[in-house]
Amino acid sequence: MKKMEIIIRPSRLDAVKEALTAQGCKGMNVTEISGFGRQRGHMEIYRGAEYQIDLVPKIKVETVLEADGLQEVVDAVLDAARTGKVGDGKIFIHPVEEVVRIRTGERGVNGL
Amino acid sequence: MNGADTVFIIISAALVMFMTPGLALFYGGLARSKNVLGTIMQSFIALALVSLVWVLWGYSLAFGTDIGGLIGGFNFLFLKGVGQEPNPQLAGNIPHLVFMIFQCMFAVITVALITGAFAERMKFGAFLLFAVLWTTFVYSPLCHWVWGGGWMGSMGALDFAGGAVVHMSSGSAALACALVLGRRQGFGQKAFIPHNLPMTVTGAAILWFGWFGFNAGSALAADGLAANAFVTTHLAAAMAILGWISVEKMHRGQPTTLGAASGAVAGLVAVTPAAGFIGPIASIVLGFLAGGICYAGVLLKERLDYDDSLDVVGIHGLGGIWGALGTGLFASLAVNGSGANGLFFGNAGQLFIQLISIVATCAFSFVLSYVILKIVDVLIGLRVSLEDEEIGLDLSQHSETGYKF
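So the sequences go chain by chain: A and B.
If you're matching positions, the first sequence starts at 1 in the numbering used here and goes up one per residue.
If you're matching positions, the second sequence starts at 1001 in the numbering used here and goes up one per residue.
Derived from the structure by calculation, the hints contain no laboratory data.
Here the structure is a predicted model, which means the values were calculated and not measured.
Take the hints with a grain of salt, since some may be wrong.
[Claimed, not checked] Think about it this way: if two alpha-carbon atoms lie no more than 35 Å apart in a straight line, the pair counts; the simulated DSBU-like pairs of lysine-lysine are:
id: 1; chain 1: A; residue 1: Lys2; chain 2: A; residue 2: Lys85
id: 2; chain 1: A; residue 1: Lys26; chain 2: A; residue 2: Lys2
id: 3; chain 1: B; residue 1: Lys1374; chain 2: A; residue 2: Lys17
id: 4; chain 1: A; residue 1: Lys17; chain 2: A; residue 2: Lys85
id: 5; chain 1: A; residue 1: Lys3; chain 2: A; residue 2: Lys26
id: 6; chain 1: B; residue 1: Lys1374; chain 2: A; residue 2: Lys60
id: 7; chain 1: A; residue 1: Lys90; chain 2: B; residue 2: Lys1080
id: 8; chain 1: B; residue 1: Lys1374; chain 2: A; residue 2: Lys85
id: 9; chain 1: B; residue 1: Lys1374; chain 2: B; residue 2: Lys1034
id: 10; chain 1: A; residue 1: Lys3; chain 2: A; residue 2: Lys85
id: 11; chain 1: B; residue 1: Lys1190; chain 2: B; residue 2: Lys1301
id: 12; chain 1: A; residue 1: Lys85; chain 2: A; residue 2: Lys26
id: 13; chain 1: A; residue 1: Lys17; chain 2: A; residue 2: Lys60
id: 14; chain 1: A; residue 1: Lys60; chain 2: A; residue 2: Lys2
id: 15; chain 1: B; residue 1: Lys1249; chain 2: B; residue 2: Lys1374
id: 16; chain 1: A; residue 1: Lys90; chain 2: B; residue 2: Lys1404
id: 17; chain 1: A; residue 1: Lys60; chain 2: A; residue 2: Lys85
id: 18; chain 1: A; residue 1: Lys90; chain 2: B; residue 2: Lys1301
id: 19; chain 1: A; residue 1: Lys60; chain 2: B; residue 2: Lys1301
id: 20; chain 1: B; residue 1: Lys1404; chain 2: A; residue 2: Lys3
id: 21; chain 1: B; residue 1: Lys1190; chain 2: B; residue 2: Lys1249
id: 22; chain 1: B; residue 1: Lys1249; chain 2: B; residue 2: Lys1080
id: 23; chain 1: A; residue 1: Lys17; chain 2: A; residue 2: Lys90
id: 24; chain 1: A; residue 1: Lys60; chain 2: B; residue 2: Lys1034
id: 25; chain 1: A; residue 1: Lys26; chain 2: A; residue 2: Lys60
id: 26; chain 1: B; residue 1: Lys1249; chain 2: A; residue 2: Lys85
id: 27; chain 1: A; residue 1: Lys90; chain 2: A; residue 2: Lys26
id: 28; chain 1: B; residue 1: Lys1034; chain 2: B; residue 2: Lys1080
id: 29; chain 1: A; residue 1: Lys3; chain 2: A; residue 2: Lys90
id: 30; chain 1: A; residue 1: Lys3; chain 2: A; residue 2: Lys17
id: 31; chain 1: B; residue 1: Lys1034; chain 2: A; residue 2: Lys26
id: 32; chain 1: A; residue 1: Lys17; chain 2: B; residue 2: Lys1301
id: 33; chain 1: A; residue 1: Lys90; chain 2: A; residue 2: Lys2
id: 34; chain 1: B; residue 1: Lys1404; chain 2: B; residue 2: Lys1080
id: 35; chain 1: B; residue 1: Lys1080; chain 2: B; residue 2: Lys1301
id: 36; chain 1: A; residue 1: Lys2; chain 2: B; residue 2: Lys1034
[As the list claims (entries may be wrong)] Label-pair distances were calculated between CB atoms; the ranges are:
id: 37; chain 1: A; residue 1: Glu106; chain 2: B; residue 2: Leu1386; range: 52 to 60 Å
id: 38; chain 1: A; residue 1: Lys85; chain 2: B; residue 2: Ala1227; range: 32 to 40 Å
id: 39; chain 1: A; residue 1: Glu32; chain 2: B; residue 2: Ile1011; range: 50 to 58 Å
For glycine and all other residues, C-beta sits at the position ideal for the given N, C-alpha and C.
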């Protein structure tokens, strides 16, 4: 099993959520985060003064899935999240050792 | 006594009261989230504390029997002789109590206006002491000079609703506060930006609404002059929005919501001394220019390097000064027979009188505020500790936080 940690623009959340669901993804967690990468934030203007804002709002989507078929899911997310401009985000893929469903105690892929 | 006038001024007093919580939201949104309650509280507590000071002795010092043109006597102390009957010297058409409470709301908001200068770093207790002393030694005498039979009113200075008494005085006090308290930690290095602009715009809208009571109510009667003041007030606010965002668009490339809200307040400030002396078309010019002038005024603090955190000097100080000068330019006897003509109506002397009132008001308020701040600093200290400033006023001064997520 793999965990995908997907950092995207807030405006791409709906598209990414639909892409993941279409790929058979059974659940996900979504968090509002702030951060920066190469995009290095943006300028804001208050009463004539310019401020460099480093940390900009992003969305983090986390989901765990079977290792088979991972590449198709990654491709679907890329399609959904990409605008082509700096600041589109990143996907981190981690190995997952174990999953346990709390209600039944089922483990592994059955616990997903 | 006149029933219609009484109704109008009672409602106007309530409108002016509403401006102070409006200001609390205006300032609260501009502060950082860790200081939202501390900032709101400084305005809100003024409703409680300044009202008490006003009723006990402030009103008497402002409107008691004149002593040498400088201050009122003690004859209205603890509201002695201030009752349901009108006082013919002050306002023969409404109960004396109504006149007193209408004036009370002006004292409250003037003190609250100053709080923008020292936002995010003043001790709550120090602010309370400052508010009592400032109402007593700055607001009440100034109010007497202009409206209570003092020298400035006798000289012929025109101040319809408080350009000098409210805005220049709070703006000058704000400059003293910014200088005496010093800059916030990290000012100029970190980005100190507003945490909730929708709150600020809501506050600006409440201020605009309340300002109709402030300016139209200052006619002290439900009459044509009140109607004139209502219209000039509205037009000046509207035009100052356009003035502010036009300059902003030229300077930074984008018109901003905060600019529109700030512009509205700048226009309301500028029209305050003029509302009952100038006509509607003049208020269009006065308001539009107020937007541009106050925009420049706000930029001034970067040049001069003082931390007037929420721009009280730039908006209320400069807006008030422009309003007083504008009154000297646009005032017309055709609008208000008991006023005067300004420069554009052939009376250059009025502009000179306005200039004297500006210098006297700003100098008096600045110097006295400076002294009061130094005294409070020696007695209990003005600033919160560096650690308290870091964690924010909400937690360090009030043991609560504005937002729970």
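Hint by hint, here is what the structure shows:
no. : hint                              : in the structure
1   : A:Lys2 to A:Lys85                 : holds, 28 Å
2   : A:Lys26 to A:Lys2                 : holds, 14 Å
3   : B:Lys1374 to A:Lys17              : violated, 60 Å
4   : A:Lys17 to A:Lys85                : holds, 20 Å
5   : A:Lys3 to A:Lys26                 : holds, 13 Å
6   : B:Lys1374 to A:Lys60              : violated, 51 Å
7   : A:Lys90 to B:Lys1080              : violated, 74 Å
8   : B:Lys1374 to A:Lys85              : violated, 55 Å
9   : B:Lys1374 to B:Lys1034            : holds, 27 Å
10  : A:Lys3 to A:Lys85                 : holds, 26 Å
11  : B:Lys1190 to B:Lys1301            : holds, 16 Å
12  : A:Lys85 to A:Lys26                : holds, 30 Å
13  : A:Lys17 to A:Lys60                : holds, 11 Å
14  : A:Lys60 to A:Lys2                 : holds, 16 Å
15  : B:Lys1249 to B:Lys1374            : violated, 41 Å
16  : A:Lys90 to B:Lys1404              : holds, 30 Å
17  : A:Lys60 to A:Lys85                : holds, 18 Å
18  : A:Lys90 to B:Lys1301              : violated, 41 Å
19  : A:Lys60 to B:Lys1301              : violated, 40 Å
20  : B:Lys1404 to A:Lys3               : holds, 30 Å
21  : B:Lys1190 to B:Lys1249            : holds, 25 Å
22  : B:Lys1249 to B:Lys1080            : violated, 55 Å
23  : A:Lys17 to A:Lys90                : holds, 15 Å
24  : A:Lys60 to B:Lys1034              : holds, 25 Å
25  : A:Lys26 to A:Lys60                : holds, 17 Å
26  : B:Lys1249 to A:Lys85              : holds, 26 Å
27  : A:Lys90 to A:Lys26                : holds, 21 Å
28  : B:Lys1034 to B:Lys1080            : violated, 44 Å
29  : A:Lys3 to A:Lys90                 : holds, 14 Å
30  : A:Lys3 to A:Lys17                 : holds, 15 Å
31  : B:Lys1034 to A:Lys26              : violated, 39 Å
32  : A:Lys17 to B:Lys1301              : violated, 47 Å
33  : A:Lys90 to A:Lys2                 : holds, 16 Å
34  : B:Lys1404 to B:Lys1080            : violated, 48 Å
35  : B:Lys1080 to B:Lys1301            : violated, 45 Å
36  : A:Lys2 to B:Lys1034               : violated, 39 Å
37  : A:Glu106 to B:Leu1386: 52 to 60 Å : holds, 54 Å
38  : A:Lys85 to B:Ala1227: 32 to 40 Å  : violated, 55 Å
39  : A:Glu32 to B:Ile1011: 50 to 58 Å  : violated, 45 Å
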